[in-house]
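These are the residues of each chain, in order.
There are 2 protein chains.
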Amino acid sequence: MDQKGLLVVISGPSGAGKGTICKALLQENDFWLSVSATTRQPRNGEVDGVNYYFLTKEDFEEKISKNDFLEYAEVYGNYYGTPKSKALEAINNGNDVILEIDIQGALKVKETYPEGVFIFILPPSMEELKQRIINRGSETPESLMTRFKSAYKEINYVSKYNYAVVNDTVEEAVKKIQGIMVAERCRVDRVKEKILDSKEGIIHEQLYD
Amino acid sequence: MDQKGLLVVISGPSGAGKGTICKALLQENDFWLSVSATTRQPRNGEVDGVNYYFLTKEDFEEKISKNDFLEYAEVYGNYYGTPKSKALEAINNGNDVILEIDIQGALKVKETYPEGVFIFILPPSMEELKQRIINRGSETPESLMTRFKSAYKEINYVSKYNYAVVNDTVEEAVKKIQGIMVAERCRVDRVKEKILDSKEGIIHEQLYD
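Chains as they are written, first to last, in the UniProt record's numbering: chain A, 1 to 209; chain B, 1 to 209.
No false leads were slipped in.
Listed next, the in silico BS3-like pairs over lysine-lysine satisfying Cα-Cα at most 27 Å (straight line):
| id | chain 1 | residue 1 | chain 2 | residue 2 |
| --- | --- | --- | --- | --- |
| 1 | A | Lys-23 | A | Lys-130 |
| 2 | B | Lys-4 | A | Lys-160 |
| 3 | A | Lys-153 | B | Lys-192 |
The calculated label-pair distances, taken between Cβ atoms and stated as ranges, are:
| id | chain 1 | residue 1 | chain 2 | residue 2 | range |
| --- | --- | --- | --- | --- | --- |
| 4 | A | Ser-159 | B | Glu-28 | 31 to 39 Å |
| 5 | B | Glu-28 | A | Asp-2 | 28 to 36 Å |
| 6 | A | Asp-2 | B | Leu-33 | 35 to 43 Å |
| 7 | A | Asp-30 | B | Pro-114 | 34 to 42 Å |
| 8 | A | Ile-64 | B | Asp-102 | 46 to 54 Å |
| 9 | A | Gly-45 | B | Glu-28 | 44 to 52 Å |
| 10 | B | Ala-73 | A | Gly-19 | 48 to 56 Å |
These are computed hints drawn from the structure, not numbers from a lab. Each residue gets a CB set at the ideal place from its N, CA and C atoms; glycine is no exception.
The following block holds chain A by itself, in its conformation from the complex:
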């Protein structure tokens, strides 16, 4: 049966390895790739519509007011955002869309597109996360504690997501995400209407043809 694509949101605390996982996923699965919009100046060799959609501040803010971003953020005075209409068009055409995004961005996407598949990537272990934080080289016990608290606070956001995938190995994490995608395509919430419509079609045909 024809089916909408999935919006797969790969998110989680920094250092969990979401970038590596996304690259590996893109090599194995056929995703439609979202191109971000930004108001920053293009750098040498960057092509509009390929690397980014380069917009003026006015155009970007007009799109904000029209609710045309799945999420956006302002970073060092420049806007960055994920255009909504093109992503939804791809999804409606049956393409899966992948977004690699930080926790704040993911929570905004969840507000605008709750039917997305929200996957939280966890570091291999809390011990490993602790080591990574220690290895960053904070000097005082106080600053170490501040970093801990911040990372631990981020992990609390796992409860806002649908799935948690521990990044033990990239290969295993990718397999799990592929399993999640298979499962999501079978979710009754997503396919119920198709099944019942198809059923009604046959009843109708049988009764009236």
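With chain A's structure known, arrange chain B on it following the hints.
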């Protein structure tokens, strides 16, 4: 991280092929097999605790009153049921449990164990289901219509399930169910506590050790 097993309930209308799918799943995955209880007499060669738990009517009804069945039904004067305590013990020990069961039974299991994974098996197409019903050889258009209505009514129950898997080929259906199991093990609802507990453990250790 240690995790409970899954109760995987394979259900759906008769003729959808759930039995074949379960057999194939059992060959590939390591499930704990539930032994049903019954009040019917053992047949030649049937062993208590292997083929069935053979109970007296009194014992069975006592277990009913103690809510010790995931589901039970009376068929031609005999009780049949799925003992609850042994299945839950297996699940708590991290074993996955599979139940192949009709729609009425599955809905009862959902009441007693809502955290189960409820999978509705659909025939390859509604056209195919129609053909199967026609091929059963009902004579009159009226009885044909009655059969249609019954099968179609059964399909409405799909909305009570978590997943719908179309039985195009057994191989594909098994892959989908395996994907569903991978996904369910990553569901935040199932792993949230472990993640947050593990996090608290480290904070505690860091603060007080």
